[in-house]
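K.L.:
The lines below spell out each chain.
2 protein chains.
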Amino acid sequence: MDQNLESTIALLERTPAALDALLRGLPEIWTERNEGENTWTVRSVMTHLIHTEEENWIPRARMILQFGESREFAPLDREGSVRNGQGKTLEHLLDEFARARTKGLDDLRAMNLTTEDLRRYGRHPSFGAVTMSQLLATWAAHDLTHLHQISRTMAFQYREAVGPWARFLGVMQCAGHSASA
Amino acid sequence: MDQNLESTIALLERTPAALDALLRGLPEIWTERNEGENTWTVRSVMTHLIHTEEENWIPRARMILQFGESREFAPLDREGSVRNGQGKTLEHLLDEFARARTKGLDDLRAMNLTTEDLRRYGRHPSFGAVTMSQLLATWAAHDLTHLHQISRTMAFQYREAVGPWARFLGVMQCAGHSASA
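First to last, the protein sequences are chains A and B. Last residue of the first sequence? That's 181 in our numbering, and every number before it is there in order. Last residue of the second sequence? That's 362 in our numbering, and every number before it is there in order.
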């Protein structure tokens, strides 16, 4: 298998269990609070991860195989995905994410992608031509961007509790950097 | 128990298993590469976490109980801690961290800290008076700052692989923010 794809899958396989070990049963101060107006709670992030698992990665990979650059990917409804999680417990969302990820990886493996497939192009609605390889690498990096966001959102809840240590903790200086943080 | 202390312990209990689920068995591209000169690999971060577990949190909490503000905490040798990990596998470090954390939490519980103890002051070598409560909150936030760093360091390895997605991924814009990132 392509070395990059192997590293991507190795990470994708581990994220659900890592989030489960970190988050299941945590007090709500860590999981139900955000970083201020128009920011996400940890629970919102989990809902977003489930949504992208179902609507984004595998559907886009299939579009590349089927249509190449001739059709644009559907844009992702980021806020809609978060509304879908309302009324579900965090534990429910962790289970749902684990199941969705298992299915996504099964689907990916069933594609039996060749080196040539990884070089195929699709068309992103915002920035045009992207390869299958870039899409799949982004799937893994997207896990990391949200793990980064989760650790920052959690740390934000302790910004006063840590007193003078706040300025020595990198995570408390992080402003998020982008809409996809 | 003090509500803050309860939240702190809940997080501290979960970090070793979360890091284990994320990191054990990952290909070295994720764990043995850094973000450039004078930055840490994931393995270095694990060594640092073990070192702070042994030298920092509980020893400082004991100093607060014993000496209050009359004695300064010993400064932490950050780079020394990283040298200690040389020659150990990541798996070994994950086990060592889990054991050190269990011991640290046992020691913390054995202190039976009262609300009054949490308000006691100690003296930090860089920024002076700090309370027991701030020290213990920082223990948890320190886990988060390094989880934030780990996710960023890992994402850095895919900065080229993701192609045009790089500028939409918050974690790839993160510069670390501090020496303690």
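Everything labelled a hint here was simulated from the structure, so no lab data went into it. Remember, predicted model here, so these are calculated numbers, not experimental data. Where is the CB? At the ideal position from N, CA and C, for every residue including glycine. You may find that some hints are simply not true.
Beta-carbon label-pair distances, calculated as ranges [as the list claims (entries may be wrong)]: (1) B:Glu253 with A:Gly25: 30 to 40 Å; (2) A:Gly25 with B:Gln267: 34 to 44 Å; (3) B:Ala191 with A:Arg159: 28 to 38 Å; (4) B:Thr295 with A:Lys103: 44 to 54 Å; (5) A:Pro75 with B:Glu236: 47 to 57 Å; (6) A:Pro59 with B:Asp288: 30 to 40 Å; (7) A:Arg62 with B:Glu213: 25 to 35 Å; (8) A:Ala10 with B:Gly309: 19 to 29 Å.
Over the 10 Å line for every Cβ pair with chain B, so calculated as not near, a few chain A residues [as the list claims (entries may be wrong)]: (9) Glu6; (10) Asp20; (11) Trp30; (12) Leu108; (13) Arg109; (14) Asp117.
K.L.:
Closest CB-CB distance from Asp20 of chain A to chain B, is it above 10 Å?
P.N.:
violated (7 Å)
K.L.:
Do Glu253 of chain B and Gly25 of chain A keep their Cβ atoms within the hinted range of 30 to 40 Å?
P.N.:
With Cβ atoms ~37 Å apart, the hint holds.
K.L.:
Could you let me know if the closest chain B CB is still more than 10 Å away from the CB of Arg109 of chain A?
P.N.:
holds (17 Å)
K.L.:
Minimum C-beta separation from Trp30 of chain A to chain B exceeding 10 Å: can you confirm that?
P.N.:
Trp30 of chain A not clear of chain B: closest Cβ-Cβ about 6 Å, inside 10 Å.
K.L.:
Is it the case that Glu6 of chain A keeps its Cβ farther than 10 Å from each residue Cβ in chain B?
P.N.:
Nearest chain B Cβ is 7 Å from Glu6 of chain A, so the label is violated.
K.L.:
Cβ-Cβ distance between Pro75 of chain A and Glu236 of chain B: within 47 to 57 Å?
P.N.:
holds (50 Å)
K.L.:
Given the hint of 28 to 38 Å, is the C-beta distance from Ala191 of chain B to Arg159 of chain A inside that range or not?
P.N.:
Given a distance of about 18 Å, which is not inside 28 to 38 Å, the answer is violated.
K.L.:
In this structure, is the beta-carbon distance linking Thr295 of chain B and Lys103 of chain A contained in 44 to 54 Å?
P.N.:
Once the Cβ atoms are compared, 50 Å apart, the range 44 to 54 Å for Lys103 of chain A and Thr295 of chain B holds.
K.L.:
Is the nearest Cβ of chain B still more than 10 Å from the Cβ of Leu108 of chain A?
P.N.:
holds (16 Å)
K.L.:
Between Pro59 of chain A and Asp288 of chain B, does the C-beta distance stay in 30 to 40 Å?
P.N.:
violated (50 Å)
K.L.:
Do Gly25 of chain A and Gln267 of chain B keep their Cβ atoms within the hinted range of 34 to 44 Å?
P.N.:
Distance hint for Gly25 of chain A, Gln267 of chain B holds at roughly 36 Å.
K.L.:
Does the Cβ pair Arg62 of chain A, Glu213 of chain B satisfy 25 to 35 Å?
P.N.:
The hinted range 25 to 35 Å holds for Arg62 of chain A and Glu213 of chain B, with Cβ atoms some 34 Å apart.
When held up to the earlier numbered hints, the structure conflicts with 3, 6, 8, 9, 10 and 11 and fits the remainder.
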